[in-house]
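Peer 1: What follows is each chain in one-letter form.
Number of protein chains: 2
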Amino acid sequence: MTSSDLDRLWAVVPAGGAGTRLWPLSRARTPKFLLDLTGTGRTLIQGTIDRLAPLVGDRVVVVTGSAHEQAVRRQLPSVARVLAEPSPRDSMAAIGLAAAELEREDPDALIGSFAADHLITDEQAFAASVREAAGLAEAGWLVTIGIEPTAPATGFGYIRAGDAVPGFPTARAVTEFVEKPDVERARAYVASGEYRWNAGMFLCRATVLLDLLAEHHPDLAAGLRSIAADPSTLEARWPGLTRIAIDHAVAEPAAAAGRVAVVPGPFGWEDVGDFASLAALTSPDENGVRILGDESLVVSADASGLVVPAAGRTVAIVGLDDVVVVDTGDALLVTSYQRAQEVKAAVDELRRRGRTDLT
Amino acid sequence: MTSSDLDRLWAVVPAGGAGTRLWPLSRARTPKFLLDLTGTGRTLIQGTIDRLAPLVGDRVVVVTGSAHEQAVRRQLPSVARVLAEPSPRDSMAAIGLAAAELEREDPDALIGSFAADHLITDEQAFAASVREAAGLAEAGWLVTIGIEPTAPATGFGYIRAGDAVPGFPTARAVTEFVEKPDVERARAYVASGEYRWNAGMFLCRATVLLDLLAEHHPDLAAGLRSIAADPSTLEARWPGLTRIAIDHAVAEPAAAAGRVAVVPGPFGWEDVGDFASLAALTSPDENGVRILGDESLVVSADASGLVVPAAGRTVAIVGLDDVVVVDTGDALLVTSYQRAQEVKAAVDELRRRGRTDLT
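Protein chains in written order, with the working numbering: chain A, 1 to 359; chain B, 1001 to 1359.
Please keep in mind that the hints were generated in silico from the structure rather than gathered at the bench.
Misleading hints may appear alongside valid ones.
Said to hold, decoys possible - Now the stretches of chain A that chain B is said to cover, found in silico as 3 or more residues with beta-carbon under 8 Å:
id, region
1, 196-207
2, 327-338
To be verified - To list a few chain A residues with every Cβ distance to chain B over 10 Å, as calculated:
id, residue
3, A80
4, T150
5, E235
6, G319
7, L320
8, E342
9, E349
10, L350
From the three backbone atoms N, C-alpha and C, an ideal C-beta is built for every residue, glycine too.
Please model the complete structure; the sequences and the hints are all you need to start from.
Peer 2: Shown next, in the form of structure tokens:
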């Protein structure tokens, strides 16, 4: 790795996803990445950009849905490049479009994709992982930063690490990417010590990424490069692009070809995927209740759980453990840590009833 | 019993109690009896007066705290006699004051006390019980209507029935009143078939009640009769009256002396003492959720319980059983059927914090 690796690195931040599992905090109009879920005063996407700034300066491209372009620009006044997708086309098109634009500007550009709605605890360790990954990317690898698993999670894909990569302190070749496992397999993965969580962080030369794509999905690679050559064709060409995740489109076949490296991510990572995950990020008060917001609004009696008093009203919880109460101005959710993933069912029911004003 | 027994019967309706176990629906300013808890369009005190009207016509005295006098008069425009207690002095003073006033107007007056905040299912059966009880009262008994227990409840006192009273179809002498039992004793009471729940329904000649009181609490009886003789002394004398429940003041000693009869109350009775009790009165929707209010405001996924969407907001419950969610404009309660009695702890905490605006 040389200092010039980072000088050529652009952060590409795909900002999509409805985040229905955090309803009613997250809505179609205000998805998770636009929310301050940690009470720090910064939204998740602002935190993402803050974390990347020491590494890439203003070399940032955010790719988001056209419905969220204005909100993203308001939250990120320092980010000049916001690409608006006319419609959702999954992560390969989003990241690939940024790669194609950057490739035209600098054939040696490196890109690193970082989700807009994750949290990272140790930013120094994160920076060290990115530096090592950028060096590998410079050398031609498709590099992923794989999170050290802390539990047999079934909500993430896993990355299997193989042999060490000579010349890099922690990198290993990736033997395969595996889909979200069941809990038995997840336990085995964690016990083996060979697996990392796939957090969607990929670093690569822009050209390498698009060339890999061209091997497996030539139409998609050509479409993205054509749009970059003539941005006025975006609206017309975009709907015809293949909907595919970057993992399936390039990472899995490239791993099979021995062209992917993984750098371990020992920095504390959280995808804030549901309210149980959000609860784990929120400290309990003296009664054992985790309050995200104004603590004076919450009273409890022999209860534990997460309370988000976002409507400014007083919330009392009595005699319930691991309860989740999310109080907003127009909608209230009551569930438990254990069932927090099923919030989507309530959102689906509201949509069936035509209550898109609430979802 | 003669028809003239009922002609001389006055209903005395003590309307007190904070009803903190139904917070945040009930508050100090809007206690339980002022609320429509059944979605019928009538509050509990209005339902009480409606139920009594066929029996007593306009011979009704409501006794309530001065803070609630105006609300009671607004809800009951047909009730001319509303006695306002300057401060809470428990049920003996409240009922005794009405008895003392009525005794002066008609030395043969009968009174029947009926709580303002209970529900009765079968009003015909209720009327039959009151008719029999009025006949017994005319004959000089202190009469209570005892509810047939449907479960080993620990939240009520019990009445033990002894020998039948000759000349009355269902009445039996009362051998004792017992305090709220533990669950073991409650089971034994119910299994024995000898016990009834004490619902605070007492019928008596006004003069007999006050004479019984004079035997055991002469100062209180004299104080009440003095106030009745000169109502201008109410404010001055009231604070000096003994605080005691009618059960302890007269019913228990009179039972020991063989002067109390019980008429069974087979009419379906509910004191709506907490949200579990309110849930039992509310029919479940097709998903098993009991909704008191606008059903279109509630969505559920694999959940059961009681939802009161009184703030007009959408309420979603996911993956919880027997949950209680009471949503009002300024306060929200989340608890369970099993722990609903403990809501008082949250109310106490709010009072400690000085939030009397909410309690």
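Peer 1: All the hints need checking, so say for each whether the structure fits it.
Peer 2: Verification of the supplied hints:
no.	hint	in the structure
1	196-207	violated (count 0)
2	327-338	holds (count 10)
3	A80	39 Å, holds
4	T150	24 Å, holds
5	E235	36 Å, holds
6	G319	3 Å, violated
7	L320	6 Å, violated
8	E342	5 Å, violated
9	E349	5 Å, violated
10	L350	6 Å, violated
Of the numbered hints given earlier, the model fails hints 1, 6, 7, 8, 9, 10; all others are met.
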